[in-house]
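Work out the full structure: start from the sequences and follow the hints.
If you want the working numbering, it's the position in the sequence shown, counting the first as 1, plus 2.
No lab work stands behind these hints, which were simulated from the structure alone.
Hints may contain errors.
Straight-line alpha carbon distances no greater than 30 Å define the calculated DSSO-like cross-link-like pairs of lysine-lysine that follow [unchecked claim]:
id : residue 1 : residue 2
1  : K140      : K226
2  : K51       : K90
3  : K90       : K55
4  : K140      : K198
5  : K226      : K198
Label pairs and their calculated CB-CB ranges [what the hints assert, rightly or not]:
id : residue 1 : residue 2 : range
6  : K226      : E88       : 36 to 42 Å
7  : N60       : R162      : 30 to 36 Å
8  : F42       : G185      : 28 to 34 Å
9  : W113      : D56       : 34 to 40 Å
10 : A227      : E66       : 44 to 50 Å
11 : K226      : A52       : 45 to 51 Å
12 : A94       : G63       : 41 to 47 Å
13 : G63       : T202      : 38 to 44 Å
14 : L207      : E88       : 42 to 48 Å
15 : E73       : A30       : 58 to 64 Å
16 : K226      : P79       : 42 to 48 Å
17 : N60       : L117      : 25 to 31 Å
The beta carbon of each residue, even a glycine, is placed where N, CA and C say it ideally should be.
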Amino acid sequence: MDKKPAKPHYHGHRQRLRQRFAENGAEALADYELLELLLFRAIPRRDVKALAKDLIANFGGFAEVLGAAPERLAETPGLSLQAAHELKLIQAAGLRLHREGVMKRPVVSSWSALLDYCRAALANETREQFRILFLDRKNRLIGDEIQNHGTVDHTPVYPREVLRRTLELGASAIILVHNHPSGDPTPSRGDVDMTKDIVTAARALNVSVHDHIIVGHSDVISFKALGLL
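In structure tokens form, the structure reads like this:
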């Protein structure tokens, strides 16, 4: 009688990882092990431990892997573009969860969650991205939109477009958010001047600019906290 072929060794490894996660949560796993669990879904028939370790080594960390562009992820041997898009889907789900945690809540009571969301959305972007958070009269978040994409060190921002969209949504206040792909969130002279222009234009329309947040790789700064607003 023919023997059934033995299951690949990684089947047992996958089951052990899943069991550790189920019993003890993500804190019981190293970053590469948690990434393995995600890769299991995208790559069902291959050992992915070495791939997970390579990705974290190449990009610098778990969050950096999920934040990287699919094309860059797919440059790693063993990871297809389709599998890279599966990782981006997981990142998108995480961002949606972050956003739901702050939507329709007063920003004063959810400021820490708001900053966490901004970090998750922008800390690993390789190009500058300018976003606007729109608030109602009770300072609840009613919208979050990308206003513009830029290069590695510049994003064109036009006050009239910022205020046009603010009025379209019926927002009473806004928070400006952008990232510095260099990793250093220190405001540039251009950041300060652009913010002043938006504040001036907003004041004429009775719209408040509550803050301008700049996201770096590991830190976030607030114009209000720095006394620049």
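Each hint, compared with the structure:
no. : hint                   : in the structure
1   : K140 / K226            : holds (19 Å)
2   : K51 / K90              : holds (19 Å)
3   : K90 / K55              : holds (18 Å)
4   : K140 / K198            : holds (24 Å)
5   : K226 / K198            : holds (12 Å)
6   : K226 / E88: 36 to 42 Å : holds (39 Å)
7   : N60 / R162: 30 to 36 Å : violated (42 Å)
8   : F42 / G185: 28 to 34 Å : holds (31 Å)
9   : W113 / D56: 34 to 40 Å : holds (37 Å)
10  : A227 / E66: 44 to 50 Å : violated (26 Å)
11  : K226 / A52: 45 to 51 Å : holds (46 Å)
12  : A94 / G63: 41 to 47 Å  : violated (19 Å)
13  : G63 / T202: 38 to 44 Å : holds (40 Å)
14  : L207 / E88: 42 to 48 Å : holds (44 Å)
15  : E73 / A30: 58 to 64 Å  : violated (33 Å)
16  : K226 / P79: 42 to 48 Å : holds (46 Å)
17  : N60 / L117: 25 to 31 Å : holds (28 Å)
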